[in-house]
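A.B. asks: Throughout, our numbering is defined as the position within the sequence shown, counted from one, plus 37.
Just so you know, not all the hints are guaranteed correct.
What the hints assert, rightly or not - Label-pair distances were calculated between CB atoms; the ranges are: (1) Pro584 x Arg387: 35 to 41 angstroms; (2) Glu377 x Asp56: 49 to 55 angstroms; (3) Glu423 x Thr238: 39 to 45 angstroms.
Calculated from the structure, these hints are not laboratory results.
Fair warning: this is a prediction, and the values are worked out from it, not measured in the lab.
Glycine is no exception: its CB is placed at the ideal position from the N, C-alpha and C atoms.
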Amino acid sequence: MKHALPLYELLARDIRDADTQAVFGLMSDDTALLVASIDALGVPFHGARHENNAVAMAEGYASATGRLGIAIVGRGPATANALNGAMFAQRSGARVLIIMGGTPTGAARPNALGPDSKGFDAQAVLLAAGFRVFTANEPTSARATLAKALAAAQESAAVLLLPTNVQQMQVEVDDTLVAPQVPAAPAAPRAGRASIAAAATLLERSRKPLIICGLGAHESGARDAVVQLADRIGAVLASTLKAKDMFRGHPFNGGLIGSFSHSAGRRAFDQADCVLVFGAGLNQRTTSFGHALPAGVPIIHVDRDRSHIGRWWSADVSVVGDARDTAEQLLAVLPERTAEQKPLHADAMRRLLQEFDPASEFTPAHTARTLDPRVVALELDALLPEQRNAVYDAGNFFQVVPYFGVPGPAHFKGTTDFSSIGMGFGTALGFAKARPGETTVLFIGDGGLLMTLGELETVVREDIPLVIVLMNDCAYGAELHYLKERNMPVAKSQFFDIDFAPVAQAFGFETATVRTLDELRALAPLLKAPQGPVFIDCKINGAIPAPFVLEAFEQEQKRLAAGN
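Model the full structure from these sequences, guided by the hints.
C.D. replies: Right, dumping it as structure tokens:
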């Protein structure tokens, strides 16, 4: 039997039937009917206090689950507010569909009242920013358009524009209503025999191989195959920042490579005579502007996307294929080696890597009223539950990443893809919402917190299990050191010492303000098994520049000296 339903209800059903478990956003009159329908159909809607954070919530959820993240916001000013989060999701490669209200369709009447106070050419802006944009301009094809947008978002962030008047139009359906099929994501290509043979030839000649794995290798489930390969050929293992702690516990784990590496790892990496890369981009942070990779050694680059190979660093052998499958293919053709043929697996290297103490690389720089941020991270590493997630905002304090461990890449999330502070809070909300049974820790600076302070209410309202560690240097720390290195005044990058703990307490957090190690260690009972939201205002010494800040300054000076 035929009957009519409003389009927003049909779209809500299709979103539910696409196996959607949660939706994030900020309600607007442009999308309120759709949001209310989705929630009423049993797909919970989690609302943020700012559109930027709403999109970041969907990105964090997608990162934590591997599922599609969906964010719904309004049009006009809501779209403009969401652009930073949308760009972050695009740059991070997250599987996110951003649904935005759209300008009503139809020709404007000459004598109509106006203007449209929300007028904004979202499609032009989004296309210029590189998004794939889908617009439901009429009701009969809108459900198919949604299906296309869902499919596109399975590969990377996409946008669906829903004109407000179209959402409310009636569509005739019958009792056998079925959602349009969402095409499956394409399978990863299988590496060709010629490229496998070329890679194997280089590896057979190598006596000191280095294997670097990025997020792509983790997402393909390549860890075990890569470990077997490293054990067979005597390779030292390294991971990029996004694949942090991928090889935790392995005797020949050199840790992070690049801007966040430690001295023991660098000693191992520098000896390599061949580099095998799985699912990593080899960007400036991974390579430390080229200094992290041994000069002149052959590089084998494996990635499922051929456009990623050689994008930031040249490769001698390109292998287009899934990381796990390629590692297994190499295992099948590479012979076992004797202990003598694995010099990087000697006992001296094992001891160097296993006995390395990160605290040995610096002298703590506490003051009477502040803590060294590196020591804060090491102390929290011991105080917080081992089964945990870490989400980081951006800033000078990001230097603490190597000092706080996680069980593996699935538990680590950085938010620096668009080089914007303020993306961490929303991302942490989505990440923690996806993992209610684990402690999620957000490391954030005072600058990023003040951009997103309203989300303290979201944490409590949505009952999100989050521990917020405020790395409070009373400054825009990265900018402070940027100015300082160039002998410029820093006063405009510094701010008052505000105690944020009472603010968080007013929202319902358990709070503490920490200026000494004794005060931090006294939080052990609270941090051992956090119950409900926790907020710690750590007053840190802002005089300690992040190594990556100094690294960028050094690179700039080289460019200037070369006249570029």
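A.B. asks: Can you give the numbers of the hints that this structure goes against, from lowest to highest?
C.D. replies: 1
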